[in-house]
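Colleague: Read off the chains here:
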Amino acid sequence: MSAQPVPDSTDSGATTSPVAAEASESTVNGDLLETVADGPRPQVASQVVALWVENLTVSFDGFRALNDVTLLLDRGELRCIIGPNGAGKTTLMDCITGKTRPDTGSVYLESRLHNLTELSECEIAQLGIGRKFQRPTVSPQHTVYENCELALKGNRGVFHSLFARLSKADKERIDQVLETIGLKDLKGRMAGLLAHGHKQWLEIGMLLALDPKVLLIDEPVAGMTQPEMERTAELMHRLAGERTVVVVEHDMEFVRSIARKVTVLHEGRILAEGPMAEIQRDPRVIEVYLGT
Amino acid sequence: MRERLLQFHGRRGWLILAIAAAALIVLVPLLNSLPKSFPLSVPDYLIPLLGKFLCYGMMAIAMDMVWGYTGILSLGHALFFALGGYGMGMYLMRRMAGEGVYRSNLPDFMVFLDWKELPWYWHGFQHFGFAVLMLLLVPGLLALVFGWFAFRSRIKGVYLSIVTQALTFAAMLLFFQNATGFGGNNGLTDFKRILGHSLQSPSTKLGLYIVSAIALLLTYLLCRFVVTSKLGRVLTAVRDAELKTRFCGYDSINYKVFVWTLSAMLCALAGALYVPQVGIINPSEMQPSNSIELAIWVAVGGRGTLVGALLGALLLNGAKSYLTAAFPSAWLYFLGGIFVLVTLFLPRGVLGLMTTMRKKRAAPEKTTAPEPVVAGEMLAAPEKAVESS
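Chains A and B, in that order, are what the protein sequence lines are. Using our numbering, the first residue of the first sequence is number 1, and each one after it goes up by one. Using our numbering, the first residue of the second sequence is number 1, and each one after it goes up by one.
In case anyone wonders, no lab produced these hints; they're calculated from the structure. Computed from a predicted structure; not experimentally measured. Incorrect hints may have been included.
When the alpha-carbon atoms are kept at most 30 Å apart in a straight line, the in silico DSS-like pairs for lysine-lysine are as follows [what the hints assert, rightly or not]:
#, chain 1, residue 1, chain 2, residue 2
1, A, LYS153, B, LYS156
2, A, LYS184, B, LYS360
3, A, LYS99, B, LYS360
4, A, LYS168, B, LYS230
5, A, LYS213, B, LYS360
6, A, LYS187, B, LYS192
7, A, LYS171, B, LYS36
8, B, LYS359, A, LYS184
9, A, LYS153, B, LYS230
10, B, LYS320, A, LYS187
11, A, LYS184, B, LYS156
12, B, LYS359, A, LYS187
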């Protein structure tokens, strides 16, 4: 099995490797954005790159969790990453957000020339990559409102936070976020006491308050009921657009309902990439994942 | 401004605080000045004892900042307390130059060791201002460097506790050595005067007590300011969900180092006030069991509330003073027993018990409307969680 993506899909120009190859040469001497604009594929010329993952390889004690993964995300895209257990989905997210240092490879955000894999989690978050965990992770001893306040975009310095006060604009922003995730009535509730689904939404709300450029979301509908799932799908659509959203998900029903484009990971490699309909027909994908 | 002050406490809380502060700072000295025949008069011997308790209270509040709010269980905080105490001890020793047993300009223990001149690090300590600066800065710097390396290496939980315990133990061994230059085994003692006032006179003792009470009040207010600020909320978030906090862009290491250093400096201040009141500082203050006892005070009083930590320190030290006099051999059993019982039955300490009882009493009158969440009442949450599940 190779890292080569599926042959070009008809509509979206999904292949990443030619661009990526081009990038690895030109990052040394030039602007990434320019590379995209002047790249070999006119399809992406109108779009701007949001996240660029290049030749990422990670091993744990000899086991290759990720093997030469290259991924290109356009700005405003909603991408789903699927794959069987142990395919490397979470490891990929860990690498992008700085939790795990890859052996080789690099990650670039928008037009920045700086390789993200050299930064710490908090620096990456400050640059604008938000992450939602598989299990809902909120600060349980804070209220819903305080959780949003903590996530709110702004200065993260120790001494700044000692004297920080919420401005009027900040309060409006928090109210707006609470409105979006539908937790306005519960804003005084301790986050640890929320129902599971509400916690998931609060975490998404915190990401909204953080206002990242790229959002990585790990299994957002695990353990949700059908109506909650529909509402989450709606939230995902609202998040995409101005932001780039990457969703890792097991629930195929949910993926079908939100996905525009899907990347299939298998044993640390990219097995296929393309629109959902096409992916579902791909025999290799069916063999390793969908068919079972 | 007013709004910010009300975040510290509600009106009721401020009222209680004002009464407690007035009782400690005004009432006790007043009762002390009454003639001895009055039934409520506070005898002179109690004043340094109470002053000592207040210093312990400060240390407990400082400990609560790192343990209760940030989740870092330090088992070496007595080290910072002792270092502050040594700084004050050095000042007191230098001020009595020429008045020691040997009538030498050097402290007695140096004459005894046949040292001819003062070690370089003793210079300047005859000035009170310099000594105070040093006794805050040196423990602060030690905490900063230790914290930076420990937290950067992601040392957490029980491993951090062990490392801090080892640190205080190593320091104790170091200070036991005569060659270290702090009086070895015996430490620094036999002090005469502070800022020109005789340490033997009751009025100096009362003065030191009042300074301790004011320092405790200021420490409490400062800590309250920190924990009710956004920084305080970040600390609690680091305690409960550190990774999430980092992914929100907060560098948890910097936050931990900040609170760790602040806590160490408050401990040092407490130690500096403690030494002139008890009249001695020696390496046994650094022994590991002291730090463990400190953790027990905070656990018994109630973690993450500041008031609870203070309460725990006062209660347990009061009990200790009484029991070591009445039943000398029973104290350690009592302490151990209390710790086991509190851990088993009062996970939120004495203060948690009081909050629960107050709520139970208020419950019949109240409707089920969700109560406003006060930052200081965070410890009420686990109980609510049980009720709602």
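Colleague: Does the alpha-carbon distance linking LYS359/B and LYS184/A stay inside the 30 Å limit?
Modeller: holds (27 Å)
Colleague: Run the distance test for LYS168/A versus LYS230/B: straight-line Cα separation, threshold 30 Å.
Modeller: Judged against 30 Å, a Cα distance of about 16 Å means the pair holds.
Colleague: Tell me if the straight-line CA distance from LYS184/A to LYS156/B falls inside 30 Å.
Modeller: Violated, because 36 Å separates the two Cα atoms, which is more than 30 Å.
Colleague: Starting from LYS187/A, check that the Cα of LYS192/B is at most 30 Å away, please.
Modeller: With a Cα-Cα distance of about 59 Å, the restraint between LYS187/A and LYS192/B is violated, given a limit of 30 Å.
Colleague: Does the alpha-carbon distance linking LYS184/A and LYS360/B stay inside the 30 Å limit?
Modeller: Holds: LYS184/A and LYS360/B sit about 29 Å apart, inside 30 Å.
Colleague: With a cut-off of 30 Å on the C-alpha distance, tell me whether LYS320/B and LYS187/A pass.
Modeller: With a Cα-Cα distance of about 45 Å, the restraint between LYS320/B and LYS187/A is violated, given a limit of 30 Å.
Colleague: For LYS99/A and LYS360/B, compute the direct alpha-carbon distance and say whether it is at most 30 Å.
Modeller: With a Cα-Cα distance of about 45 Å, the restraint between LYS99/A and LYS360/B is violated, given a limit of 30 Å.
Colleague: Starting from LYS213/A, check that the Cα of LYS360/B is at most 30 Å away, please.
Modeller: Status violated; Cα separation ~48 Å.
Colleague: Measure nothing beyond the straight line between the CA atoms of LYS171/A and LYS36/B; if it is 30 Å or shorter, mark the hint as holding.
Modeller: violated (60 Å)
Colleague: Quick one, are LYS153/A and LYS156/B close enough, alpha carbons at most 30 Å?
Modeller: Between LYS153/A and LYS156/B the Cα gap is close to 28 Å, so the pair holds against 30 Å.
Colleague: Does LYS187/A lie within 30 Å of LYS359/B when you go C-alpha to C-alpha?
Modeller: Distance ~22 Å between LYS359/B and LYS187/A Cα, so the pair holds.
Colleague: Is the hinted pair LYS153/A and LYS230/B satisfied, with a Cα-Cα distance of at most 30 Å?
Modeller: Holds, because 13 Å separates the two Cα atoms, which is no more than 30 Å.
Hint compliance for this structure: hints 3, 5, 6, 7, 10, 11 are broken, all remaining hints hold.
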